[in-house]
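Enquirer: Per my numbering, the sequence shown starts with residue 55, numbered consecutively.
None of these hints come from the bench; they were simulated from the model. Mixed in with the good hints, there may be bad ones.
[As the list claims (entries may be wrong)] Simulated restraints on C-beta separations: (1) Asp730 / Ala697: 16 to 24 Å; (2) Asp573 / Lys522: 22 to 30 Å; (3) Gly749 / Ala553: 48 to 56 Å; (4) Asp532 / Asp336: 23 to 31 Å; (5) Glu293 / Arg330: 27 to 35 Å; (6) Asp519 / Pro88: 44 to 52 Å; (7) Ala447 / Glu549: 19 to 27 Å; (8) Lys522 / Gln229: 34 to 42 Å; (9) Ala247 / Pro284: 37 to 45 Å; (10) Asp575 / Asp730: 57 to 65 Å.
[What the hints assert, rightly or not] Okay, derived cross-link-like pairs now, BS3-like style, lysine-lysine, Cα gap no bigger than 27 Å in a straight line: (11) Lys718 / Lys231; (12) Lys637 / Lys694; (13) Lys718 / Lys694; (14) Lys544 / Lys565; (15) Lys493 / Lys544; (16) Lys729 / Lys718; (17) Lys640 / Lys777; (18) Lys733 / Lys705; (19) Lys637 / Lys705; (20) Lys522 / Lys462; (21) Lys468 / Lys546; (22) Lys581 / Lys545; (23) Lys705 / Lys718; (24) Lys577 / Lys546; (25) Lys363 / Lys419; (26) Lys546 / Lys581; (27) Lys545 / Lys522; (28) Lys419 / Lys468; (29) Lys349 / Lys370; (30) Lys209 / Lys231; (31) Lys349 / Lys209; (32) Lys462 / Lys493; (33) Lys545 / Lys577; (34) Lys468 / Lys522; (35) Lys363 / Lys231; (36) Lys114 / Lys419; (37) Lys546 / Lys462; (38) Lys468 / Lys493; (39) Lys349 / Lys114; (40) Lys522 / Lys581.
Idealized CB from N, CA, C, for every residue including glycine.
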Amino acid sequence: MRTPRTFLNLASCAALWAVALAPGTLPARADKPPRPNILYVMSDDHAAHAIGAYGSRLAKLNPTPVIDTLARDGILLTNVFCTNSICVPSRATIMTGQYSHVNGAIDLGGRLAGEHHYLAIEMRRAGYQTAMIGKWHLHDEPNFDYYKVLPGQGKYFDPTFHEKGRGDWPRNTVQMKGHSSDCITDSTLAWLASRDRSRPFFLMHHFKAPHDMFENAPRYEGYLADVEIPEPENLYRQERFGSIATRGDHDELLPFIGTSIGRRHAFRNYARNWARDASLSDDQARHQAYQTYLKRYLRCVKGVDDNLKRILDLLKSEGVLDDTVICYTGDQGMMLGEHDYQDKRWMYQESHRMPFLVRYPRAIKPATRSDAIIENTDFAPMLLDFAGAATPAQMQGRSFRPILETAKEPPDWKQAAYYRYWMHLAHHWNPAHIGIRTKQYKLIFYYGCDTQGQNRTPPGWELYDLRKDPHEVVNLYDDPACRQTVIELKKKLAELRAANGDTDEKYPAVKAIIDEFWDYDDKARAKAVEISHDYARRCRERQAGRDKTPRDKTPRDKAGRDGRVKPAAGDWIQAAASDAPLKEYKGLPEVSRDAAYRVSHPGPGAFNLDNAFLTSGRDGREKPHAFHSDQADQPYVVLKLAAPAAVRYVKIVNRRNGFQDRAKGLTLWLSSDAKDWQKAWQADAVQDEWTVDLGREIPCAYIKLGLPARGTLHLYKITAFGKTVAGS
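Could you build all of it, start to finish, from the sequences and the hints given here?
Expert: Here is the structure:
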């Protein structure tokens with residue numbers, strides 16, 4: 055494994071990379087023997103236990119007969135793990151070979167600029183023609199020879215794509231009719247038919263399915279209709295599962311942590327949509343919601359499997375099937391009712407593990423398996439290895455090609471996987487956590503705060519013996535017989551954090567909390583109990599409508615630099631102070647720094663929090679649920695500038711991931727008193743970003759952005775540039 059020192063020293067490579075960035079700048083290497091084509095197929099949220107070849111409770115439903123042939127003809131890996139189980143971070147890790155804290159994509163707002171698309175760049179340097187088709191989700195233009203990608207999350211039906219060759223990104227759009235799985239496959243077949251057959255290809259084919267919303271093609275509506283889907287044994291009660299971090303001191307957090315299948319979770323659960331009959335008992339509602347959930351999910355999986363067959367059939371008809379390395383995976387796992395959880399994000403097995411199957415009969419024996427521990431940081435090095443290319447120094451992963459070809463681990467192969475989930479309480483109410491996974495044990499530490507150390511939930515530890523307890527239902531952390539195991543795993547976890555460079559120097563408040571609760575002595579446990587009851591109280595207040603958000607009441611320090619976001623007088627939210635240098639645009643400094651803001655119809659409690667960087671940013675990221683309203687008539691957000699200013703330019707970053715159209719008709723107003731508003735601009739088209747030139751410097755103290763009709767306001771970032779008014 056490479057140390058942080060290896061990948062931070064990149065300046066000396068700048069000239070080489072500059073040449074590599076442009077498509078077609080380097081010819082194929084004529085001195086190399088013929089190399090295989092490489093087809094990398096990835097679905098979204100396709101869990102390993104929803105693939106028949108993995109032999110789970112769902113295997114008897116035969117959900118994936120085509121994917122199963124890859125296991126029959128090649129190798130199936132049982133211990134492949136995602137290092138951050140959420141879409142954008144996982145995809146960024148696969149593209150860079152780096153952990154999230156290194157590539158910068160720690161959450162759904164993370165971006166990956168084209169010069170960091172290392173896998174695509176190195177494949178091009180190796181002489182491969184490169185293509186990316188389907189779900190991309192890394193926001194910036196793909197650095198491939200050809201691409202046809204969904205904007206953000208994309209739509210299931212009649213999807214729009216960005217396609218190379220149709221103009222400048224991001225206006226190079228084309229719409230297709232039909233279901234996304236069919237459209238993505240049609241696009242791949244078209245590209246394969248038109249490719250340069252004198253060169254090997256590297257093709258990333260990414261399905262949108264079976265991501266949530268679970269919209270299947272109509273032809274699958276009857277699939278599994280009369281079938282009773284087997285339930286996980288831990289769907290219902292688990293007295294020894296979890297910890298104070300996920301349950302509370304006396305189960306007071308069960309309604310507020312981890313969105314549920316049944317009615318358990320107070321704010322988001324599937325029973326609310328799919329088991330509305332109030333006469334149903336809680337167990338009956340959970341059963342009914344689970345059946346609907348799994349059938350919708352597996353219908354999407356069926357569409358993926360059938361479309362994979364179309365690709366394999368084409369390769370076979372061309373006589374290149376056996377000359378192609380074919381990999382199938384998902385961008386992470388998925389909770390399919392286990393522990394009464396939905397979605398991913400968790401370090402529990404069903405979310406943490408990724409399926410991975412590889413067919414290449416020239417080098418891989420049929421029907422082989424391996425339990426070697428592999429992380430998604432290792433994917434890019436492995437793919438490059440098959441292409442005859444070396445692993446770049448900035449990649450942290452290691453090629454596992456020898457494991458694929460021998461089904462044996464090298465003597466020095468890793469014996470543990472590292473995990474970190476950063477998006478504290480976002481969307482599905484999962485606490486932030488880190489952990490280590492060996493072949494026998496899993497140790498999870500829920501440190502329970504955002505990147506500024508706020509909005510806290512109780513820290514807690516969990517230990518599972520995966521050989522005796524593969525479904526992770528008995529937390530052994532406090533078992534005296536496991537004390538030495540805990541000590542050893544904590545030591546290994548600390549070593550992994552140091553080796554990977556994930557030591558939180560950038561987030562000192564987080565580091566302090568991790569240090570405080572690392573040993574978990576009686577004092578730390580008592581404090582965790584206090585935090586648990588305080589968080590439960592705030593959630594109950596929100597549930598009762600007395601508080602809009604379960605916001606942390608911890609006071610700010612005197613310097614006001616702890617990243618805290620809190621409501622100010624009149625429901626204004628005041629972002630934390632920032633030490634970052636002021637940005638400039640066309641010679642004018644930003645004037646929106648330190649602005650307070652107010653959303654007219656605030657969205658869910660997990661939104662509009664931790665937004666210290668929204669009005670210019672102590673952090674270069676964008677927050678996916680910034681300035682987020684509920685659906686309402688003419689929703690808006692108002693910025694109250696820290697001082698009156700003459701504003702000339704306003705930069706606005708729109709919500710992406712398939713939701714750009716929410717900003718249709720977006721309008722900007724200015725005011726000196728928040729009473730009399732002057733309309734200054736209206737968007738004539740939906741875009742990912744706007745840079746509004748007001749034509750002159752207009753004095754104001756307030757900036758308002760809103761919609762002209764009913765809708766959901768959902769923006770990422772607002773930055774105003776101008777001059778501070780003299781005497782203010």
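Enquirer: What hints, given by number in increasing order, does this structure fail?
Expert: Structure breaks hints 8, 29 and 40.
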